[in-house]
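Colleague: Listed below, chain by chain, are the residues.
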Amino acid sequence: MKKLTALLLAMAMALSLAACNSNPGAGSSEPPANNSQSGEGIPVGGNESAGPVTDPNAVDDNPSTADGKYEIAMITDVGDLKDKSFNEGTWNGVKLYAANNGKTYKYYRPANGNEATDDDRYNAYVAAIEAGAKVIVAPGFLQATAMRKAAVEHPEVNFVFIDGFPLTERADESDPGDVLTNVAGIAFQEEQCGYLAGYAVVKEGFTKLGFSGGGGGDNPACCRYGYGYVQGANAAAAEMGINVEMRYSWAYGSNFSASPDLQSMMQGWYSSGTEIVFACGGSMFNSISAAAAANDGCVVGVDVDQSTQSDTVVTSAMKGLEQSVTFSLDKQFTGSWADIGGAATSLGAKDDAVGLPTATWSLTKFTVEEYEKLLAGIKDGSVSVDADYANLEQSYSNLTLSVED
Amino acid sequence: MTFLIRQTLIYAVPLMLVALAGVFAERSGIINLALEGIMIFGAFMGVLFVNAVQEAGGFAGAKADGNWLALQGFALLAMLAAAAAGAAFSLLLSFASVNLRADQTIGGTALNLMAPALVLFLIRIIANQNVLNMAKGDAAPWFMLRKTYFGYGRTDSMGFWGETFVNQTYPATYVCILLFIVLSVILYKTRFGLRLRSCGENPQAADSLGINVYKMRYAGTTISGALAGMGGFVYALTTANCSANGDVAGFGFLALAVMIFGNWKPLNIAGAALLFGLFKCVAASYTSIDINGDGICMLEAIGVSAHVYRMMPYVITLVVLAFTSKKSRAPKAEGIPYDKGQR
Chain A
1 MKKLTALLLA
11 MAMALSLAAC
21 NSNPGAGSSE
31 PPANNSQSGE
41 GIPVGGNESA
51 GPVTDPNAVD
61 DNPSTADGKY
71 EIAMITDVGD
81 LKDKSFNEGT
91 WNGVKLYAAN
101 NGKTYKYYRP
111 ANGNEATDDD
121 RYNAYVAAIE
131 AGAKVIVAPG
141 FLQATAMRKA
151 AVEHPEVNFV
161 FIDGFPLTER
171 ADESDPGDVL
181 TNVAGIAFQE
191 EQCGYLAGYA
201 VVKEGFTKLG
211 FSGGGGGDNP
221 ACCRYGYGYV
231 QGANAAAAEM
241 GINVEMRYSW
251 AYGSNFSASP
261 DLQSMMQGWY
271 SSGTEIVFAC
281 GGSMFNSISA
291 AAAANDGCVV
301 GVDVDQSTQS
311 DTVVTSAMKG
321 LEQSVTFSLD
331 KQFTGSWADI
341 GGAATSLGAK
351 DDAVGLPTAT
361 WSLTKFTVEE
371 YEKLLAGIKD
381 GSVSVDADYA
391 NLEQSYSNLT
401 LSVED
Chain B
1001 MTFLIRQTLI
1011 YAVPLMLVAL
1021 AGVFAERSGI
1031 INLALEGIMI
1041 FGAFMGVLFV
1051 NAVQEAGGFA
1061 GAKADGNWLA
1071 LQGFALLAML
1081 AAAAAGAAFS
1091 LLLSFASVNL
1101 RADQTIGGTA
1111 LNLMAPALVL
1121 FLIRIIANQN
1131 VLNMAKGDAA
1141 PWFMLRKTYF
1151 GYGRTDSMGF
1161 WGETFVNQTY
1171 PATYVCILLF
1181 IVLSVILYKT
1191 RFGLRLRSCG
1201 ENPQAADSLG
1211 INVYKMRYAG
1221 TTISGALAGM
1231 GGFVYALTTA
1241 NCSANGDVAG
1251 FGFLALAVMI
1261 FGNWKPLNIA
1271 GAALLFGLFK
1281 CVAASYTSID
1291 INGDGICMLE
1301 AIGVSAHVYR
1311 MMPYVITLVV
1321 LAFTSKKSRA
1331 PKAEGIPYDK
1341 GQR
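Chains as they are written, first to last, in the working numbering: chain A, 1 to 405; chain B, 1001 to 1343.
You may find that some hints are simply not true.
With the C-beta cut set under 8 Å, the calculated list includes, among others, these residues of chain A facing chain B [claimed, not checked]:
(1) Glu130
(2) Ala258
(3) Asp261
(4) Gln263
(5) Ser272
(6) Ser289
(7) Ala290
(8) Ala293
The calculated BS3-like cross-link candidates involving lysine-lysine, where the alpha carbons are at most 30 Å apart (straight line), are [said to hold, decoys possible]:
(9) A:Lys365 / B:Lys1063
(10) A:Lys208 / B:Lys1147
(11) A:Lys365 / B:Lys1136
(12) A:Lys82 / B:Lys1063
Treat the hints as calculated values from the structure; they're not laboratory data. C-beta: ideal position from N, C-alpha, C; glycine also.
One chain only, chain A, in its complex shape:
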């Protein structure tokens, strides 16, 4: 009898707790996909009936098919899918392509989240392939090892390696074997949009800059962003005949996530005079914008337009993640995969794949005309941006770089 009462009590407790949780959720019962600022989020259910879908938030994140097969798979390396930056931008490309072309798609997260190992990623690949994936979109530099293994074992499946490079059969440099033709390495010329951002903020009047990068200094994309940012800032300072300072650090961003330590470090930067920090990483943005908001500082966003996330965002160094995914998937489904398979595709200003969001930036002194002129300069090669970030620690004409570890 006593046991029965106890059991009942336990159940009542669990239920009441569940009820207490579900209430607030129901209270704010707006459609879950309400993050876009565009008010006209037409809830198109991912069908091709209502013309092209342009709002990625109107497309379902967790579609299910009757036979459990999904043609397009996406697998992240670390970080959150919904990081409002790199992973999410890629995922939006997948969703838009699938919605507009009637394809089935699914996201697979490797086990162990931010501590995912190559084995975890490989297992995610296998799960995707078993569920009928014909093409796997894999954003993130850390994918290489797992992807090589999966791509060798499954030559019938194509891999789009965003922020990546072509892979060979073996990792051994002295005996690499053939280049895998089912892997397409898509990279961006991040140094160009970093350059644009650095140039813009110095022209805007900022003289004490900061750069906080993700990936711990090993991530080529983040390194290129940072190096371009330094060069752009230096170029603008040289034109204006002033000197600017830049604090540059990879600390606390190695897995791109927000942390109290990163926030504390940024508090230190802002309170000792830094005016604007380039937040070069997904979720870590939160720590940096919090510190900026506390000190009336500013932030430069990364990868996608982050101006909707915080009032502290002045502008964002964007790369065309959505476009690159659409571009690669189009090659896959129109039978012209050979164009990109086994090759390194690098998208830059000439492909309109990098830039700043002129419509949403809050720059006032740096004008859109100046921006267009600079962008055109990068396109025709009259403004050259060095991509070899090994040269970062050189002496700049008008910029003092202090690298902190």
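Dock chain B against the given chain A, drawing on the hints supplied.
Modeller: Frame of chain A; chain B shown alone:
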């Protein structure tokens, strides 16, 4: 210096409050390992409260008018919501360990495992993201004190005391400190406190004097849950831009360590939390700490590796424990389910 004090408080205060939460549970005889889980849950509910009120348009007028007192009221309400959520969550632990006489370590661990999963699950449902943010704006413009609120210009100085303890601080921090003091007094100077502590030392004796041990243990754990929930929200507010993602960076476990480090005594705990907070702050931002205001960041200038600074909080803890652990004494009856028949 100003920066160092401000930042140390931001680290230390959630730790301090949550460690006190641990004291309340353990002094009543229940090991509350679930502090981390309760913090996560409290942080989530607090942020959800802020988010929901903002969505419904509450306090938008106050924000537009710059009525910072009303906004502080809003923060206080969110803290209360988080405390209520934490208290409700901790009832699971009390029920398991008092009524069912289950192993408290396992019960606490179960809550620690459940909280992040449950919170992430709910965040995915509510926000379709992995992080639940404020619906509008950042934490600082809404909840942080600015010198402009007190008639100072942006570039005016408020003097050392004003700059350090008023400008750019969260009043939530001071509410926590006040609460810490009040509750410490209650634990040591009131009848209720004495009874609570007796249940953690010798529940049989307490029972023989007519104290309801079950009730006292429920009270201790519930207060503990409320404090941990509130601490979780204050953590989210001051160090995570008022966002919840099912993670409090291990602060709950750190608080347990601080509690043991502080020998289950409030004053020692406050000291331990401040010491730990200070070194965490130094580790993260030693490149910007200018102690005497001469523009030179001494800790960076002496050229010691960053790793040394990052080890410091833990090395210091080990060293202090090595010297103090001999005197350390846990409540005698903690972890043992109370059984009336066993005398």
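Colleague: Which of the listed hints are broken here?
Modeller: Violated: hint 1 alone.
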